[in-house]
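Chemist: Just so you know, the sequences run in chain order H and D.
Here full-length UniProt numbering is used: position 166 in the first sequence is 166, and no number is missing along the way.
Here full-length UniProt numbering is used: position 157 in the second sequence is 157, and no number is missing along the way.
Accuracy of the hints is not assured; some may be wrong.
Same chains, same names: a pair is fine if it fits in one copy or spans any two.
[Said to hold, decoys possible] Here are the simulated DSBU-like cross-link-like pairs (lysine-lysine), alpha carbons at most 35 angstroms apart as the crow flies:
#	residue 1	residue 2
1	Lys122	Lys44
2	Lys231	Lys106
3	Lys33	Lys116
4	Lys44	Lys97
5	Lys142	Lys232
6	Lys231	Lys168
7	Lys222	Lys232
8	Lys147	Lys33
9	Lys229	Lys43
10	Lys128	Lys231
11	Lys222	Lys147
12	Lys168	Lys232
13	Lys44	Lys33
14	Lys167	Lys231
15	Lys231	Lys221
Hints are computed from structural coordinates only; laboratory data are not their basis.
Number of protein chains: 2
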Amino acid sequence: MTDHSSEEVLARFEELTALEAEFEDVELQTIRKANELNEPLYKKRAEIIAKIPHFWALVFEQSPTELDSYILPSDSKVFADCLQSLEITRFEIDDPKGDPRSFSMKFTFSDNEYFKDEVLEKFFWYRKSLDGWQGLVSEPVKVNWKKDHDLTYGLTDAAYKLYEARKKLPKGANETELKEYKSLAEKIENSEDPQLSFFAWFAYVSSYKFVTAEESQQAAKKLAEELEKRKKGEKVDEEEPEDDDEQDYQETEVFPMGDQVATIITEDMWPSAIKYYKLAHEAEDDDEHLSEIEFDDLDDESDGEIDIRALVGKGKKNKASGDLPPAKKPRKA
Amino acid sequence: MTDHSSEEVLARFEELTALEAEFEDVELQTIRKANELNEPLYKKRAEIIAKIPHFWALVFEQSPTELDSYILPSDSKVFADCLQSLEITRFEIDDPKGDPRSFSMKFTFSDNEYFKDEVLEKFFWYRKSLDGWQGLVSEPVKVNWKKDHDLTYGLTDAAYKLYEARKKLPKGANETELKEYKSLAEKIENSEDPQLSFFAWFAYVSSYKFVTAEESQQAAKKLAEELEKRKKGEKVDEEEPEDDDEQDYQETEVFPMGDQVATIITEDMWPSAIKYYKLAHEAEDDDEHLSEIEFDDLDDESDGEIDIRALVGKGKKNKASGDLPPAKKPRKA
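Make the full structure from the sequences, and use the hints.
Modeler: Below, the structure is given as structure tokens:
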């Protein structure tokens, strides 16, 4: 067995850390290459989809199983009623100060009873914090709910208000003293409904804390300098982090798995939307005999299951779909 | 709202299907590009890892949560005892008749009490069936278990025997009549243990049925011809598939989620192994005070939890690890 004294282990760690940075470079190159190749195809797809009513509602219905618990029957109903389009853009793909892993998700809606917004767009920035965390952060999106139709019972409003108040806060001031902070934290703590609407996801901020662009650039610079030292075989001084940051940032996080939900949509549902749309059509064929029963269930949301195909008026077998290729036991690749 | 008669819907379907093929081309190009860029890094990583005892056992322990339920405490013990290396190769990356999505997983073991094999290598081929399915298929790997040490209680042996018998079967003959078929199907049906060893995964065949290279090439040819027609705007005759194939191939599938387990290891654990190894070290620091208790649990496998860090003799805080960078609340990116 190889010698594995502490010094030896530490040396291997330094080598692995340097190598991790090279892997990250390759990952970013690969994302850029894939984005470049896919861009014209996504454009073409959007043109075809624009002619297909309820495309995205059907895709969300048939979407990856990991998403199921985040989309309530009442959310599915909103999608079926008015979701017009979805567009995902890697808006920092060529920005040297940004990150190709950042993306935005733009939902377009037709006139509806729930909210006044035609567009709800949420931005996710891939950032690094000075204390070693990295991941996706976002800002709460204001949803202009119509009276008595707020599916989040005030959560998106409260999160947006805290976000606005935070921006006016002097640097270094403690946000936990803000009335907007207390209000949101209480709202989350006292929430009796374990079922969170998908629309609360628009209020998502971070799985750790919000990291600014400035902090992220500083962190990237620090990491690059450390990497240079490692490449030269120099020892990197890892200061013990100042662990006086006692704030529990998650106290005001409305949608704790928001980054993972965004990632599943972006990395699975979005590239494979055609596959999910076809699966929805096949499920329609299989469920044909069920459609009447499920129509009756439409108003009973407590049932936990709603048939979107019924919602979008596709409960009856479509003549065309009989001609579709049979994807026997298709795999969620 | 757009006209969406059946003919209109069918026309859109044809366009989407043609577009899907273009997306698939881009996916394959991207896999090839990523493979080319990552290959030298994986080589470098293997050289560093070779000097780190128990690297892969620690990675498996800290591996993606989706894997947790597939690796029993007794499997972890085998990894800790004798797993030397893991190597994943996209062995058809440049094979025009193959698929860049195919891969092999090669496990190397030191001398141990469980089995005689130094190497267990499992191949996964990405293939398409003539009836429209596509996905990963594999062949059972023979594990030469030592007496009374078979963690799968005969499952890998029975699966391997069926595989051998199947090869000798005349073309068109019904395998369900084979005694090896009945024996395996019974073994699976009568299995009382709901906890399947990870090693049963070596017997995995398919989530649908085994598809030969020949069938896959025929299917690819058929799809390419259909695509050509679609591009010219010609109608593609979709024959209704002969649905007289009544065999339940899953009756002899030992490890039903085998393809998904392979995919999680290949697409998440393998590229992010350094991250998981570091997490294992951090967990070690956090759990330091627990290590003595967990040492006591080593023989009690019914406990459901085993501390591999204790198994590999890392229960005590390593001097070096105090100097490691603190990855505060690291994200499984």
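Chemist: Now, for every hint given, state plainly whether the structure supports it.
Modeler: Verification of the hints:
1. In the homo-oligomer, the alpha carbons of Lys122 and Lys44 lie at most 35 angstroms apart inside one protomer (23 angstroms), although the nearest pairing across protomers, at 39 angstroms, exceeds that limit.
2. In this assembly of identical chains, the alpha carbons of Lys231 and Lys106 lie at most 35 angstroms apart only when taken from different copies (30 angstroms versus 41 angstroms within one copy).
3. In the homo-oligomer, the alpha carbons of Lys33 and Lys116 never lie at most 35 angstroms apart, since the shortest distance is 38 angstroms inside one protomer and 45 angstroms across protomers.
4. In this assembly of identical chains, the alpha carbons of Lys44 and Lys97 lie at most 35 angstroms apart whether taken from the same copy (30 angstroms) or from different copies (29 angstroms).
5. In this assembly of identical chains, Lys142 and Lys232 lie within 35 angstroms of each other by CA distance neither inside one copy nor across copies; the values are 49 angstroms within and 47 angstroms between.
6. In this assembly of identical chains, the alpha carbons of Lys231 and Lys168 never lie at most 35 angstroms apart, being 43 angstroms within a copy and 56 angstroms across copies at closest.
7. For the homomeric pair Lys222 and Lys232, the shortest alpha-carbon distance inside one copy (16 angstroms) is at most 35 angstroms, but the shortest distance between copies (55 angstroms) is not.
8. With identical chains, the CA atoms of Lys147 and Lys33 are never at most 35 angstroms apart, being 46 angstroms at best within one copy and 52 angstroms at best between copies.
9. In this homomeric assembly, Lys229 and Lys43 come within 35 angstroms of each other (Cα to Cα) only across copies, at 22 angstroms, whereas the closest approach inside a single copy is 44 angstroms.
10. Taking the shortest Cα distances, Lys128 and Lys231 sit within 35 angstroms of each other inside one copy (21 angstroms), while across copies they are farther apart (45 angstroms).
11. Taking CA atoms no more than 35 angstroms apart as the test, Lys222 paired with Lys147 passes in neither setting, with 49 angstroms inside one copy and 56 angstroms between copies.
12. In the homo-oligomer, the alpha carbons of Lys168 and Lys232 never lie at most 35 angstroms apart, since the shortest distance is 44 angstroms inside one protomer and 60 angstroms across protomers.
13. In this homomeric assembly, Lys44 and Lys33 come within 35 angstroms of each other (Cα to Cα) both inside a single copy, at 18 angstroms, and across copies, at 24 angstroms.
14. Proximity of Lys167 and Lys231 under a CA criterion of 35 angstroms is satisfied in neither setting, with 40 angstroms inside one chain copy and 53 angstroms between copies.
15. In this assembly of identical chains, Lys231 and Lys221 lie within 35 angstroms of each other by CA distance solely inside one copy; the values are 15 angstroms within and 49 angstroms between copies.
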